[in-house]
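Going down the list, the protein sequences come from chains A and Y. Quick note: the first sequence uses the numbering used here, first residue 17, plus one each step. Quick note: the second sequence uses the numbering used here, first residue 33, plus one each step.
You can take every hint at face value.
Pairwise CB distance ranges, derived in the manner of DEER restraints:
1. Y:G270 with A:G36: 19 to 27 Å
2. A:D25 with Y:T145: 42 to 50 Å
3. Y:P118 with A:G119: 46 to 54 Å
4. A:D25 with Y:V86: 47 to 55 Å
5. A:H34 with Y:I68: 33 to 41 Å
If you're looking for bench data, these hints aren't it; they were derived computationally from the structure. Glycine included, every Cβ here is placed at the ideal spot set by N, Cα and C.
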Amino acid sequence: MLDAATVTDRIEHILEAHQGMEGPLLPILHAVQAEFGHVPQSALPGIAKALNLSKAEVHGVVSFYHDFREAPAGRHVLKLCRAEACQAMGADRVAAHAQKALGIDWHGTTSNGAVTLEPVFCLGLCACGPAAMLDGKPIGRCDEARVDDLIAEARA
Amino acid sequence: MKIYIPLDTVAVALGADDIVAAIEVEAARRGVSVEIVRNGSHGMVWLEPLVEVVTPSGRTGFGPFTLADVPALFADLAAHPKALGPVADLPWMQGQTRLTFARVGIVDPLSLTEYEALGGLTGLRRALALPKADIVAEVTASGLRGRGGAGFPTGIKWKTVSEAVADRKYIVCNADEGDSATFADRMLMEGDPFTLIEGMVIAGLATGATKGFVYIRSEYPVAIRVMESACTVAQQAGVLGDSVLGTGPAFDIEIRVGAGAYVCGEETSLLNSLEGKRGVVRAKPPLPALEGFMGKPTVVNNVISLATIPVIFERGAEFYKDFGLGRSRGTIPLQIAGNVRFGGLYETAFGLTLGQIVDDIAGGCASGRPVKAVQVGGPLGAYHPRSDFATPFGYEEFAGQGGLIGHAGLTVFDDSADMLKQARFAMEFCAIESCGKCTPCRIGAVRGVETIDRIAKGDAAAIPLLTDLCNTMKAGSLCALGGFTPYPVMSALTHFPDDFAPMKEAAE
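Chain Y on its own, in the form it takes in the complex (with noise of 0.2 Å):
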């Protein structure tokens, strides 16, 4: 008997480590011999820990999983309580075009055979035949975006990495992923590390550097397990070493661990925190594609641009960029989080509108009450309104509407949420992972949570101080951190005025 039971964090904390414990005693109880596969996370969270049998009509799901549900696994699969049949076959997955996530949750993470079966390292054998430029070529006509969110170019950081010259250059894999709501890379890199490890040698092929970085903030324990022990497979078998598949040049990959500072997912900040620094912010210029790691010409991507790279080889940049809308091209994992009935991940073509995803695929809001505001793109994205539902999911799209789509993280709240309180969040959370380099993040979020705190107490002078604040924070700072933090705050103010109205306490 084969079972799947996810490694993913998401399925270990609902359980699945003590449901693979129960199994095996059930297992062994009865004399029966089964051989349980830890897999990625297919991505529906409510459905986890989401276990999978192998029968000869294919892989049977069932979950969400509990302990009490072990007994009848052992009995007839089609009888037992939490039966989903295939899983391939759930709206959630026939929805989906599952491009960069195609293997999570199917495969063995730390397969090598089962990750080529399904189309791994196809990509990379082509690259491996072109030329430099024509790889770079490849990926800006594929119309990739850094999926980390600021949504440059792929093919354009390349050529300007590919073109300098420097006796070493860097691949720098971005997986710090502090942002609520955001977990895409986190299941990539525990469902299949392959793809990434992949994305970053071609990223190497194609810049002529010869070695990688993958920095993983230190709340992702399994990612880094997974991540480290994939490197260690990768390198006995070739892939990794002195000549990539033994025909390439050398290329090798290290996995560093983070420390717990959010303002370290912002590129320049990660390469200092990598050389051993402070992860204070540099200014730019220089760009890190001429002066990056150790003043060398580096590739900074984010874990799902690199993740991407093999399918657009295998398949080809034509067939990526036809998916997407706009300038907005291929596909992106929309993460659907917090307040709501059907939250995970969900891979699918730029161009669904918000009401869509947040009504139709996330089906409101877990508390039944109605949804308030969604934020879009973590802390530093925009509070949505109803009103906003009809905007497509896409880099302009959103930027049209005062907002950003970010790594495409969406926070759902319901009615009950208080959306001063969520401002003066934006703020105290700026004020205590700002990196302390530039003074309008340092001292105009410490100032923003003051502000708000006179607006909460009934003084309607301090909201045009807050607008002036967030526009000082917007134009003046060095990052993304204080230069974004007014998108939260002010989309909060000037959506649901409501909530910051005079006297509101002693209203209620």
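Excised from the complex, chain A in its bound form (with noise of 0.2 Å):
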């Protein structure tokens, strides 16, 4: 666990090098999530104070983006691009594969911690899906045979 000391300090170089930035919410958010993981309860406080505005705009801007995390994620982050061009190739197919072989639902984490599978609508792929992104790595005609691959170097 963070400690609460930490993440104040973490957090207050963030705002720092955020200063005179016009908006600059979702940039400091995107921030810190790349210095934790996700975005801890206890650092929305120190941001909101910086930002004068309350705790509960802020949570309300965190909670409102698919893309921020109150908790940490697993290991790999696989996501599996549910959108039209996709499902023209058969994503729907390769994602209840997925879902089969990890054990888990969309927004799932194996219970090891080692994956944890995302829906994403989509990746600008939609001419070679269906489309995957493991850990910011874009994958392109991901049937199932390669989902098992990804799934097994995800594990490993």
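Hints given; two lone chains; assemble the complex.
Following this line, the structure appears as structure tokens:
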């Protein structure tokens, strides 16, 4: 667990780096998530104070966007595209296969903490679907066999 | 030996980075010196990764390239099993009119020298010598309309911002390209970022804005990286900064990253997000052109609209306007996706029919099965059956068929598609992505999923209810998310009634 003093200290650095920026909250939240792997609750009061917002307003922004996590993800994040162009190439089938192989539903994390499975709506790989992303690395033509490889890679 | 291997996300997703590494290893082993340039993609996705080698007779293509094809690259190139000849001579490239995408795939995306050698900054230099009103007039005369999907005349938007009186104005580039089947913004930013920068600078000159933002979705890490690097190069070269090219006013650009909310592609929601708020849609009026970012006059344009500005100033409004049909002037980068043999980006004048695009250019379905439906314009666009294939590609022409061209993405489905399932997905997507501000969208989408589930169970009485709900969403929603979700739903219901037939499941 992160102790509150460490969080406060690191948040101070992030806030300093964003001084003078117009509309800095999203860049700050991205930086916080890059630092901690999620946006810890204990980070909100400091951010709110620096931006002259209420803690509720900051919480409202964090919870609005799919990207921001309130708890850490697994060691690897596998995103599978659920959008139409990938559906036309069998994305639903591939997603069902991945869920079964991992034993988790969307947004779930395997019990050993290795893999978090997330839906994504379009990676811009619409002419080589089904598309996937493993820890930020894009993957095209991701069929069932490829998903098995990715899962093996993530579990290793 | 000079080799081009794309940095485009598509090429990377199909193994380009591994191929770069393998070529470097093989070259070192053979003691051959290679220079590898990471270019943009030419847009032929079925040939990616598309490797090009510079030969005495020009650039020769090889693709789709695999690791096994690496050693043969150092032997007789003409005998290489993946040899394609000069890329520019391929039929896919020959058929296009590349104006906005003229340099994509050809240049090193971060070389300002190569950019200028192929016409870059010519338009900006011309604009620098013109009064504001003349710049706006040129854009209006070109007939350019918003390529993000709404099709609003770009020149009129610029005129409103230009004539507004304020201490600060902004240019906001909407690069939140969330529609499935669209990737033109991504390809442009990854393959020729200076074109977008130049377009934004010209927009600044035309309106008196001194600050620009590019709001890029977080799902596009490569585009974010390339745009950030390109802005740094442009700042160092004086294209951006206190005085544009040393003679103009100040203009600078900041890259901002979205956070996974589809609705932020809607301009007012994007502005709220940029200000650090929840990406909730704003009621209009006030128009963003008068009260946009931080309440100041703001141009919000799509990537492709802004990236088309340089060629309009380089070659003239008349040149651009001569392409197209009806009120759809110029060229449009078609993005052909889904279940197709030949998918990718194809820039052409407006006016090809849907059938020409799907049957001739895309070559039908990758699965070899018949085409059942084509969704045009992303998740909020209609599903078109074959009977719509004579429709020419243009804003009004597709509106006349109960659809829209949107950002010009086309998703092709074969006959295994279940259109009830597609309609249900449209409602489910709207429910997930709704910002929650207006009731028809927030509640309607949830009820829509339930109503379609009733139809799937054989409840025919739910069909008129779904139609009624779609009318309410269409007429009562604040933005296109709730307002256009009825397009895919109603087109599926109207054109493919068999998929909604009562007791469908029992019959199967």
